[in-house]
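Undergrad: Top line first, the protein sequences correspond to chains A and B. So that you can map any letter, position 110 of the first sequence is 110 in the numbering used here, and since no number is skipped, the others follow by simple counting. So that you can map any letter, position 53 of the second sequence is 187 in the numbering used here, and since no number is skipped, the others follow by simple counting.
Incorrect hints may have been included.
Derived, one-sided and incomplete: chain A residues facing chain B with beta-carbon distance under 8 Å [claimed, not checked]:
id, residue
1, F54
2, M118
3, V122
Taking beta-carbon pairs under 7 Å as the criterion, some of the chain B residues facing chain A (in silico) [said to hold, decoys possible]:
id, residue
4, W142
5, S143
6, L191
7, F209
8, V212
9, Q213
10, G214
11, G215
Rather than coming from a laboratory, the hints here were simulated on the basis of the structure. A quick note: this is a predicted structure, and the numbers were derived from the prediction, not measured. Note that beta-carbon positions come from the ideal geometry of N, C-alpha and C, so glycine has one too.
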Amino acid sequence: MRRDLQVVREPLDEDVLRRGRSASAGAGAVLHFLGIVRGTEGSDAIRALDYEAFEPMAVHQFGKLFDALEQRWPRVESVRLVHRVGIVPVGEASLWVEIVSPHRGEAFESCQWLIDEMKRVVPIWKKAVPGGSG
Amino acid sequence: MTVSVRYWSWFKDLAGADHEVHELAPEACLGDLLEQIRHQHPGFEQVRKSTLVAVGLEYQNADHRLKNGDEVSLFPPVQGG
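Here chain B stands alone, though its shape is the one from the complex:
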């Protein structure tokens, strides 16, 4: 299946892009995608604990099951105000 990944704030610098498309095995979960991203962009290993992840408009954990066409967002801790 295919999912789109969008990076926000300084995570765009870590990825070298603001948007990517990732191919995953059927039944893959968010954790599988994150491992693929860390393999492709090793800088994300350093921010493993502080990385926030959303699917669509909701925060999700690594065991969240992905669907074809999902839009995943990765970003650092938020700083509004």
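Only chain A is shown next, with the shape it has when bound in the complex:
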């Protein structure tokens, strides 16, 4: 399984990321997930989220999740994930995930699982930056 992980501080460029896709003749599904920063945190308007990562551990834990994903969905042929850290303004992307697989079922299931597990074990935190217009 191809795997690619990036933890970046600059804005995500979806066009560039998409151009990096590789898919075999057996691939029938390419799933993209984009997580963007909401303008509210609870009932408060915010301007941005400030993400902090314990980066060496985050990379290590993502690697373990990719291993587990490959075991659980062996037909998934590619997983690429980019997480932005630092200040991410409202409306901009903090997370980009791409799954390539033969069929849509394992792409949707594995993507959902990967993001759920990321939110459980990967040491990244966010802090609201107040001041949005709502």
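Since chain A is already given, all that's left is putting chain B on it; use the hints.
TA: Frame of chain A; chain B shown alone:
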């Protein structure tokens, strides 16, 4: 033995620092270190159940045996995405 402790996210506010060095008895386990930290920084008592702990890059439980020079990290529940 000596271990270093690093705090992440708002746990830095609870500790009043992002990094500390702790002296422990030989054979001490992670639970002994956590008790020492809670004694030194009582705010950690309130977050006892939600505190996540790693030694190096791996999550560990309170009975994990520490070694001299270990790097321990304490942090609240993670929130990526």
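Undergrad: Does each hint hold? Answer for all of them.
TA: Against the structure, the hints:
no.: 1; hint: F54; verdict: 6 Å, holds
no.: 2; hint: M118; verdict: 5 Å, holds
no.: 3; hint: V122; verdict: 5 Å, holds
no.: 4; hint: W142; verdict: 6 Å, holds
no.: 5; hint: S143; verdict: 4 Å, holds
no.: 6; hint: L191; verdict: 4 Å, holds
no.: 7; hint: F209; verdict: 6 Å, holds
no.: 8; hint: V212; verdict: 5 Å, holds
no.: 9; hint: Q213; verdict: 5 Å, holds
no.: 10; hint: G214; verdict: 3 Å, holds
no.: 11; hint: G215; verdict: 5 Å, holds
When held up to the earlier numbered hints, the structure conflicts with none and fits them all.
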